[in-house]
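Asks: Listed here are the chains, written in short residue letters.
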Amino acid sequence: MKKYEKIIEAFLLICATVATLSVFLITFFIFKEGLPILKEYGIIHFVFGKTWSPTNGSYGAFPMIMGSISVTLGALIIGVPMGISCAVFLAEIAPKSIVKIFKPAIELLAGIPSVVYGFFGLAILVPLIRMHILPIIQKFNGEAYTSGYSILAGAMILAVMILPTIVNISENAIRSVPIEYKQGSLALGATQFETIIKVILPAAKSGIITSVVLGMGRAVGETMAVILVTGNMPKVPGSVLDSVSTLTGTIAMEMGYATPTHQKALFATGVILFVFIMLLNVSATWTMKRLGGE
Amino acid sequence: MKKILSLVLVLMMGITMLSGCGSKGETTDEAETKTNENTLSGKIVIAGSTSVQPLSEELAAVFMEKYPEVSVEVQGGGSSVGVKSAADKIADIGAASREIKESEKSLGLTEYVIAKDGIAVVVNPSNKVSDLSLDQIKKIFTGAITNWKEVGGEDQAITVVSREEGSGTRGAFVEITKIEEKNAEGKNMDNTTKNALVQPSTGAVKQTVSNTPDAIGYISMGAMDETVKGVKVESVEATEETAKAGTYKIARPFNYLTNGEESEVVKAYITFVLNEGQEIVKEEFISVK
Numbered sequence: 001m002k003k004y005e006k007i008i009e010a011f012l013l014i015c016a017t018v019a020t021l022s023v024f025l026i027t028f029f030i031f032k033e034g035l036p037i038l039k040e041y042g043i044i045h046f047v048f049g050k051t052w053s054p055t056n057g058s059y060g061a062f063p064m065i066m067g068s069i070s071v072t073l074g075a076l077i078i079g080v081p082m083g084i085s086c087a088v089f090l091a092e093i094a095p096k097s098i099v100k101i102f103k104p105a106i107e108l109l110a111g112i113p114s115v116v117y118g119f120f121g122l123a124i125l126v127p128l129i130r131m132h133i134l135p136i137i138q139k140f141n142g143e144a145y146t147s148g149y150s151i152l153a154g155a156m157i158l159a160v161m162i163l164p165t166i167v168n169i170s171e172n173a174i175r176s177v178p179i180e181y182k183q184g185s186l187a188l189g190a191t192q193f194e195t196i197i198k199v200i201l202p203a204a205k206s207g208i209i210t211s212v213v214l215g216m217g218r219a220v221g222e223t224m225a226v227i228l229v230t231g232n233m234p235k236v237p238g239s240v241l242d243s244v245s246t247l248t249g250t251i252a253m254e255m256g257y258a259t260p261t262h263q264k265a266l267f268a269t270g271v272i273l274f275v276f277i278m279l280l281n282v283s284a285t286w287t288m289k290r291l292g293g294e
Numbered sequence: 001m002k003k004i005l006s007l008v009l010v011l012m013m014g015i016t017m018l019s020g021c022g023s024k025g026e027t028t029d030e031a032e033t034k035t036n037e038n039t040l041s042g043k044i045v046i047a048g049s050t051s052v053q054p055l056s057e058e059l060a061a062v063f064m065e066k067y068p069e070v071s072v073e074v075q076g077g078g079s080s081v082g083v084k085s086a087a088d089k090i091a092d093i094g095a096a097s098r099e100i101k102e103s104e105k106s107l108g109l110t111e112y113v114i115a116k117d118g119i120a121v122v123v124n125p126s127n128k129v130s131d132l133s134l135d136q137i138k139k140i141f142t143g144a145i146t147n148w149k150e151v152g153g154e155d156q157a158i159t160v161v162s163r164e165e166g167s168g169t170r171g172a173f174v175e176i177t178k179i180e181e182k183n184a185e186g187k188n189m190d191n192t193t194k195n196a197l198v199q200p201s202t203g204a205v206k207q208t209v210s211n212t213p214d215a216i217g218y219i220s221m222g223a224m225d226e227t228v229k230g231v232k233v234e235s236v237e238a239t240e241e242t243a244k245a246g247t248y249k250i251a252r253p254f255n256y257l258t259n260g261e262e263s264e265v266v267k268a269y270i271t272f273v274l275n276e277g278q279e280i281v282k283e284e285f286i287s288v289k
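If you're matching them up, the sequences are chains D and E in order. For the first sequence, position 24 matches number 24 in this note's numbering, and the numbering has no gaps at all. For the second sequence, position 43 matches number 43 in this note's numbering, and the numbering has no gaps at all.
Think of the hints as simulated: they come from the structure by calculation, not from any bench. Incorrect hints may have been included.
As the list claims (entries may be wrong) - Quick list of in silico lysine-lysine cross-link-like pairs, DSSO-like style, CA-CA up to 30 Å:
no., chain 1, residue 1, chain 2, residue 2
1, D, K50, E, K206
2, D, K50, E, K244
3, E, K249, E, K194
To be verified - Listed next, with one range per pair, are the computed distances between beta-carbon atoms:
no., chain 1, residue 1, chain 2, residue 2, range
4, E, K128, D, M255, 36 to 42 Å
5, D, G142, E, N183, 35 to 41 Å
6, E, E73, D, M255, 24 to 30 Å
Glycine included, each C-beta is placed from N, C-alpha and C at the ideal position.
Could you put together the complete structure from these sequences and hints?
Replies: In structure tokens, the structure reads:
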């Protein structure tokens with residue numbers, strides 16, 4: 001029996017090593033391919049350069065960095081309030097029969113392939129923005145113009161895509177708040193709404209923040225859906241109706257034909273993305289510790 | 001636990017057996033082709049245009065399958081390099097994705113047009129503009145013209161749709177329409193406007209143009225259908241016939257160039273390209289047959 005266990009132990013060790021090793025190998029590979037051109041071209045030039053035109057030899061990734069940030073931010077602005085409200089509804093307000101229908105439906109969202117989201121956005125959201133949202137904005141600003149391929153379209157699609165992550169984790173966090181808190185609050189005469197806002201949500205804070213961080217990770221990394229709806233224009237955006245290209249989208253689109261230098265530049269873009277996600281995660285963990293640590 | 005382990009083992013064995021069968025099948029296939037082999041042998045070096053390169057590689061692969069004793073080496077370098085290396089006999093065949101210039105004609109090279117590459121300029125079917133000059137197209141795509149009324153359409157901003165950096169279609173389009181120009185230092189610069197939407201495939205360009213009323217884009221001629229409207233260029237409709245005849249301007253020939261007496265293997269290759277090879281050409285380009 002003992003021998004048997006040893007074999008299993010070794011097997012588990014191998015699995016764990018493969019997972020960890022992959023992370024290191026991928027990191028090493030991206031940096032090995034991307035760093036030389038960053039050095040040669042100048043990190044400042046690469047990160048803050050405003051022209052991305054590899055065939056002409058200019059590699060400024062700033063438009064794409066701004067693109068990724070704006071689309072992700074937009075998705076969070078739309079998706080987080082919606083997701084948390086949904087979680088509160090499911091955990092605190094909805095009767096069981098409704099939860100039984102709503103929850104599987106939201107979980108199903110996570111299973112839809114991203115290219116389907118993208119196609120939905122391309123066929124429905126993009127024309128919708130051009131035909132119905134643009135006229136409203138033009139009433140305030142006559143100069144406004146959009147083809148529909150925009151940050152807004154990307155943000156709306158991503159907001160729906162990150163919903164399952166936010167709803168599921170937040171709902172679990174809210175459900176795991178000790179029942180005594182709720183009972184105490186209600187016993188003191190607070191209404192149900194006051195209890196939710198002032199007692200339950202603060203108590204579930206760390207879980208909710210985790211859900212937002214995970215959602216943000218998904219939004220930054222999403223590629224296919226975003227390529228289809230944001231228009232991929234490598235230009236620093238001026239409004240939510242402008243087209244943008246994202247870091248991941250550029251890598252996916254251009255890798256196929258890239259010449260060796262261009263390819264290295266795309267790896268350098270990968271390095272930026274890597275650092276970008278690291279920074280996001282670190283700052284998120286830090287805020288989480290400060291807010292929910294006690 | 002043991003059951004699972006044995007199940008995994010059985011599965012693994014099954015997979016190895018299956019893969020074993022697969023590789024066995026391949027080897028017999030190879031053996032068969034070898035028995036059919038022809039006596040032709042030798043080496044061909046093709047150098048030149050990077051646009052012709054993928055096509056040459058595909059043609060060469062099929063040719064080498066047919067004549068295993070022949071090896072065909074395909075190199076890049078650009079059209080001018082193709083002309084030069086054929087003239088200097090560095091390569092057996094020079095490849096050029098443009099017409100041969102007057103100055104190059106004196107080199108006495110033999111020209112074979114192996115394919116034509118045509119690009120259609122497309123707009124939304126609702127767009128009234130149906131004829132654009134090369135200069136207008138250039139101005140639209142470089143951002144000098146930004147409204148449809150400047151080219152005889154409605155007062156609507158133009159949404160330019162381009163392909164991604166490095167795309168062969170984009171490369172050909174900007175070259176022919178002179179969107180790509182030499183700058184002061186003599187370096188080729190792609191001047192496509194920064195305000196262009198970029199779509200990663202012919203299908204995506206078509207989709208964008210078909211659901212955006214004020215969009216203009218370009219796609220390979222073979223991909224045209226009724227979801228988009230092809231624009232006449234210099235009053236010539238974009239069809240295979242006009243591209244073959246050379247009256248449609250946004251098209252270019254793919255030329256193979258040879259210098260002097262061709263060796264038997266080169267002759268065989270060129271005959272192959274001009275006949276059976278045209279089936280491969282048809283997949284992406286316009287056949288010359």
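Asks: All hints are to be evaluated individually against the structure, with a verdict given for each.
Replies: Right, here's what the structure says about each hint:
1. For the suggested pair K50 of chain D and K206 of chain E, the alpha carbons sit about 28 Å apart, so the restraint of at most 30 Å is met.
2. Restraint check for K50 of chain D and K244 of chain E: not satisfied, since their Cα atoms lie roughly 41 Å apart, outside the 30 Å limit.
3. The straight-line distance between the Cα atoms of K249 of chain E and K194 of chain E is roughly 25 Å, inside the 30 Å bound, and the hint therefore holds.
4. Under the hint 36 to 42 Å, the C-beta atoms of K128 of chain E and M255 of chain D, about 39 Å apart, fit the expected range.
5. Taking 35 to 41 Å as the suggested C-beta distance range, the pair G142 of chain D and N183 of chain E conforms, at roughly 36 Å.
6. Range check, E73 of chain E to M255 of chain D: Cβ separation about 26 Å, and the 24 to 30 Å hint holds.
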